[in-house]
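Generate the whole structure from the sequences, applying the supplied hints.
What follows is each chain in one-letter form.
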Amino acid sequence: MNTDNKILSVKNVVKHFDISGGFLDQVRFKNGRICLEKITVKAVNDVSLSIKKGETLSVVGESGCGKSTLARVIMGLYPPNSGEVYYGGKRIDNLSHDKMLPFRKKMQMIFQDPYASLNPRKTVQQTLEEPLRFHHPEFSSNQINDKIEQVMEQVGVDQAWIRRYPHEFSGGQRQRISIARGLILDPEFIVADEPVSALDVSIQAQILNLLMKAGRERDLTYLFITHDLSVVRHISTRVVVMYLGTVCELAKAEDLFSNPRHPYTKALLSAIPVVGEKRAKQIKLKGEVPTPVNLPTGCVFHARCFYADERCSVEVPGLATLDNGTCVACHAVEENRIPA
Amino acid sequence: MSHLLEIHDLEVKFALRFGDITAIDGVSFALDKGERLGIVGESGAGKSVTGFSIINLISKPGYISKGNIRFEGNKISSYSDEQMRKIRGNRISMIFQDPMMTLNPVFTVGFQMIETIQAHRKISKAGAKKIALEKLKKVHIPSPEQRLGQYPHELSGGMRQRIIIAISLLTDPAIIIADEPTTALDVTIQAEIMDLLQELCESDNMALILITHDLGVVSQVTEKIAVMYAGKIIEYGSTDQVVKHPVHPYTEGLIKSIPGTVIKPGEDLVQIPGMMPTLTNIPPGCAFNPRCYLKEAICTQKTPELKEVGNGILAACHMK
Chain H
1 MNTDNKILSV KNVVKHFDIS GGFLDQVRFK NGRICLEKIT VKAVNDVSLS
51 IKKGETLSVV GESGCGKSTL ARVIMGLYPP NSGEVYYGGK RIDNLSHDKM
101 LPFRKKMQMI FQDPYASLNP RKTVQQTLEE PLRFHHPEFS SNQINDKIEQ
151 VMEQVGVDQA WIRRYPHEFS GGQRQRISIA RGLILDPEFI VADEPVSALD
201 VSIQAQILNL LMKAGRERDL TYLFITHDLS VVRHISTRVV VMYLGTVCEL
251 AKAEDLFSNP RHPYTKALLS AIPVVGEKRA KQIKLKGEVP TPVNLPTGCV
301 FHARCFYADE RCSVEVPGLA TLDNGTCVAC HAVEENRIPA
Chain X
1001 MSHLLEIHDL EVKFALRFGD ITAIDGVSFA LDKGERLGIV GESGAGKSVT
1051 GFSIINLISK PGYISKGNIR FEGNKISSYS DEQMRKIRGN RISMIFQDPM
1101 MTLNPVFTVG FQMIETIQAH RKISKAGAKK IALEKLKKVH IPSPEQRLGQ
1151 YPHELSGGMR QRIIIAISLL TDPAIIIADE PTTALDVTIQ AEIMDLLQEL
1201 CESDNMALIL ITHDLGVVSQ VTEKIAVMYA GKIIEYGSTD QVVKHPVHPY
1251 TEGLIKSIPG TVIKPGEDLV QIPGMMPTLT NIPPGCAFNP RCYLKEAICT
1301 QKTPELKEVG NGILAACHMK
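Sequences listed follow chains H and X, in order. When we follow the working numbering, the leftmost residue of the first sequence carries the number 1, and every step to the right adds one. When we follow the working numbering, the leftmost residue of the second sequence carries the number 1001, and every step to the right adds one.
By construction, these hints were calculated from the structure, which means they are not laboratory data. Computed from a predicted structure; not experimentally measured. You may find that some hints are simply not true.
[As the list claims (entries may be wrong)] Simulated pairs of lysine-lysine, BS3-like, Cα-Cα distance not exceeding 27 Å:
1. H/281 / X/1122
2. X/1086 / X/1060
3. X/1138 / X/1122
4. X/1138 / H/284
5. H/52 / X/1264
6. H/6 / H/122
7. X/1256 / H/266
8. X/1307 / H/281
9. X/1264 / H/252
10. X/1307 / X/1320
11. X/1060 / H/281
[Unchecked claim] Beyond 10 Å from chain X on every Cβ pair, some chain H residues (computed):
12. 93
13. 136
14. 146
15. 186
16. 298
17. 315
[Unchecked claim] Per the computed footprint, the stretches of chain X lying under chain H, defined by three or more beta-carbons under 8 Å from a beta-carbon of chain H, are:
18. 1063 to 1070
19. 1151 to 1162
20. 1206 to 1218
21. 1243 to 1254
22. 1258 to 1266
C-beta atoms are modelled at their ideal positions from N, C-alpha and C, and glycine is treated no differently.
Encoded structure:
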């Protein structure tokens, strides 16, 4: 496995969720016979990507496209149905709980809702010291307090508030505390799942600045999950666009925004409202996102795509690399059927 | 000339155990026929309360303590519940944020639409159904006949929001108040819903009050904008002018803090320090003064009035 500057890579990951329920829920009556039927949500289908050290890779897509599921599979919160996750060259998706521990220290997650992700019955101090006591039992109380003090200063939470409970803080401050919790073990890799979408605009800017600053100072690698494309443009090195559990396009941020290739990316970008500009012509997609329970055959996007032909409805397009390094999964791009 | 809707010096208070708090403090604005106004601000700025107070949806412990609201020349702020019912949902409709919550899950779409029409007009069921179909077509819902028989859970979020818009159109209102109509939706759906609202306002000469925290959405759909902070309008003017040349330091900060407006990717965003005060704890003078970079002594002593500052913009700032 090539490890030069890749911190994490994901290979052919598939994650399906069984939602068919108990035995009686599965019973169906079909063609005069009683049979059992399972219903699965195909959240992530054959996704491969790798993250380079020090970069910010953003995953964008609409709700239900599998971006959060992918993040959780990477973090080991969900076991994948098939496929592999490598961290620094070591396969981590099949490790036992004990063997996984050293990796958990290096990978941390920041969640969307700062109201739900902090334990309401723990003070800031208790929240921040728990990971330290667990992963570094050798630390003395003084060492722990120093560490907490240092992290709190970095995220901009007043140290006088260390004995307060989460309900005493505003949303922005709670998000700062959950970032502090993510940073306290000096991780190398942080997965941030919609860290600013629950916050007001002026607070959102503060948190984004904080994340970028922490990234620079600590040489962090981020996997940033979000649906907000203006945030993505601002912070990312590279961007992955997902649709219905598959990757449509993977490109450098500036390339993606200046020259989107996949028809879905084009439509998505044309829908962002820009402050101070009347809307440019929005590319209107046909129909709605199909359910991940019954995936379309061929390219998952073909039913809504303007450039789809027969091949698209039969054959699943693979990710192909173009000359500028952009990877696109689209037959039309490959065959040069899309006018520039 | 009288305006379609005129709000003068509106004050809304909430009576709490420890005393009254002022959610809206002296808000005045006017809306003409066919005009589209955006009210923006962060959570707790009072933008939704302003919207609710127009059709008297403020529930206890809230109450309108001062000011008046005139609609088509009538003072609707002193209407009884019964009089108000003839206006609310009929002449002035409201669209709410969450399309999953606003439709009743146990009735079909058709039932809910027909019920709304019959509540405001003496009309047969068949006649009401005809209007319902016509409005569903207007919001570009595919196969409208079939939708009438469906329940809300059978429809996607974007489709539900279209149906809610269709319901709000049933009685041909003069004003639609849309409170964060697309916050719960994905960006592609959001763009479609916003286009639809704009198109409907233009074709039917309907006025729109769009309440949102998203300056991008406001700048694309509305003609006028009112920026609220801690219960007051702090800047008001044509959307183009305000977004391109904001006067109030808060508006300026708000616009600059959005990624992609003035700051290049990767650089630090301009951030407004601190956060909006809670309504129980509004600082004396200008409510924005602790966060303001232009602050001087007068800002902590005197509350600035909304005044003309050129370009047709009104702003409440001592320094401008």
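Would you mind confirming whether the straight-line C-alpha gap from residue 1138 of chain X to residue 284 of chain H stays at or under 27 Å?
Satisfied, since the Cα-Cα distance of roughly 17 Å is no more than 27 Å.
Please count how many residues of the region 1206 to 1218 of chain X have a CB within 8 Å of a CB from chain H and say whether that reaches 3.
holds (count 5)
Holds or violated: residue 281 of chain H with residue 1122 of chain X, Cα cutoff 27 Å?
violated, 42 Å
Consistency of the no-contact label for residue 298 of chain H, given chain X and a CB cut of 10 Å:
Residue 298 of chain H is indeed farther than 10 Å from all Cβ atoms of chain X, at 21 Å.
Against the 27 Å threshold, does the CA-CA distance of residue 1307 of chain X and residue 281 of chain H hold or violate the hint?
violated, 37 Å
Verify the coverage statement for the region 1258 to 1266 of chain X against chain H, using a C-beta to C-beta distance below 8 Å and requiring 3 or more qualifying residues.
holds (count 7)
Sort out whether residue 281 of chain H lies within 27 Å of residue 1060 of chain X, counting only the CA atoms.
violated, 45 Å
Does residue 186 of chain H really sit off the interface, with its C-beta more than 10 Å from all C-beta atoms of chain X?
holds, 23 Å
Is the nearest CB of chain X more than 10 Å from the CB of residue 315 of chain H?
holds, 25 Å
Does residue 252 of chain H lie within 27 Å of residue 1264 of chain X when you go C-alpha to C-alpha?
holds, 15 Å
Establish whether the coverage given for the region 1063 to 1070 of chain X by chain H is satisfied; the threshold is a Cβ-Cβ distance below 8 Å, and no fewer than three residues must meet it.
As far as the region 1063 to 1070 of chain X goes, the hint is violated, because 0 residues have Cβ atoms under 8 Å from chain H.
Given pair status - residue 1060 of chain X, residue 1086 of chain X, alpha carbons within 27 Å
Given that 27 Å is the threshold and the Cα spacing comes to 21 Å, the pair holds.
Taken one by one, the earlier hints fail for this structure at numbers 1, 6, 8, 11, 18, listed in ascending order.
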